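A.B. asks: Numbering (my numbering), first residue to last: 702 to 885.
Don't take every hint at face value.
As the list claims (entries may be wrong) - Label pairs and their calculated CB-CB ranges: (1) G809 / T855: 25 to 33 angstroms; (2) R852 / H873: 37 to 45 angstroms; (3) D840 / S748: 16 to 24 angstroms; (4) S748 / N820: 16 to 24 angstroms; (5) T857 / E727: 56 to 64 angstroms.
If you are wondering where the hints come from, they were derived from the structure by calculation, not from laboratory data.
Because the structure is a prediction, the values reported are computed rather than measured.
Ideal Cβ positions, reconstructed from N, Cα and C, are used throughout, including at glycine.
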Amino acid sequence: MSFINKFQSNELLQQEVGILRQRIAELEAQNQPSAAAAYADFLFENSGESILIIDPYTMKILEANPNAARRLGYRRAELCDLALDQVEMPRSLNDDDAESAWQSSVSGTFFYESAYRHNNGTLIPVEVSSRLVFWQGRDVLINFVRDISWRKETETALRLVNNSLEEQLRQHAADLAAEKEKLE
Numbered sequence: 702m703s704f705i706n707k708f709q710s711n712e713l714l715q716q717e718v719g720i721l722r723q724r725i726a727e728l729e730a731q732n733q734p735s736a737a738a739a740y741a742d743f744l745f746e747n748s749g750e751s752i753l754i755i756d757p758y759t760m761k762i763l764e765a766n767p768n769a770a771r772r773l774g775y776r777r778a779e780l781c782d783l784a785l786d787q788v789e790m791p792r793s794l795n796d797d798d799a800e801s802a803w804q805s806s807v808s809g810t811f812f813y814e815s816a817y818r819h820n821n822g823t824l825i826p827v828e829v830s831s832r833l834v835f836w837q838g839r840d841v842l843i844n845f846v847r848d849i850s851w852r853k854e855t856e857t858a859l860r861l862v863n864n865s866l867e868e869q870l871r872q873h874a875a876d877l878a879a880e881k882e883k884l885e
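Generate coordinates for the entire structure from the input sequences, incorporating the hints supplied.
C.D. replies: Below, the structure written as structure tokens:
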């Protein structure tokens with residue numbers, strides 16, 4: 702084989718290697734989204750938070766993770782047949798709500814406290830972070846829902862203790878004022 706033939710053969714081999722490398726890169730790139738989707742599915746299925754995916758126009762629950770179904774006492778298919786207002790109770794608009802609802806100016810996520818109705822009718826105090834996203838070719842709300850029963854019970858207990866201490870302080874101040882008046 703002449704030098705020219707060897708050179709052309711080597712050049713063809715390098716071109717073939719380049720084409721194969723490009724094809725491998727394309728295949729890896731095609732595989733990347735499915736790996737990311739599998740990871741997202743894994744997080745959705747195994748999250749410690751309840752996650753609801755909701756149609757923002759009809760407010761129908763499109764998808765719910767296992768944790769949401771378990772916490773609300775439904776099978777997933779049952780929960781996905783409901784509208785959000787069958788689960789989420791209307792928020793009362795009192796002075797406390799001003800402190801418990803806000804929207805992030807960075808992400809647009811809306812945070813608020815509400816109550817979700819369990820399948821047995823029990824109301825569960827929850828904290829919701831809700832965000833409008835584009836998913837599978839459509840707009841959806843994704844709600845991350847956290848049970849805050851323990852926090853609400855603790856807040857109530859602290860409020861009762863605080864009120865009791867304030868009353869004791871008022872009574873003690875009144876007793877001291879009465880004693881001072883007697884001494885004068």
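A.B. asks: The structure should be examined with respect to each hint, and the outcome stated for every one.
C.D. replies: Against the structure, the hints come out as follows:
Between G809 and T855 the C-beta distance comes to about 30 angstroms, which sits within the given range of 25 to 33 angstroms. Between R852 and H873 the CB atoms are about 31 angstroms apart, so this pair departs from the stated range of 37 to 45 angstroms. Take D840 and S748: their Cβ atoms lie about 22 angstroms apart, and the range 16 to 24 angstroms holds. The given range of 16 to 24 angstroms is respected by S748 and N820, whose C-beta atoms sit roughly 20 angstroms from each other.
Roughly 60 angstroms separates the CB atoms of T857 and E727, a value that falls within the hinted 56 to 64 angstroms.
In this structure, only the earlier hint numbered 2 is contradicted, and the remaining ones agree with it.
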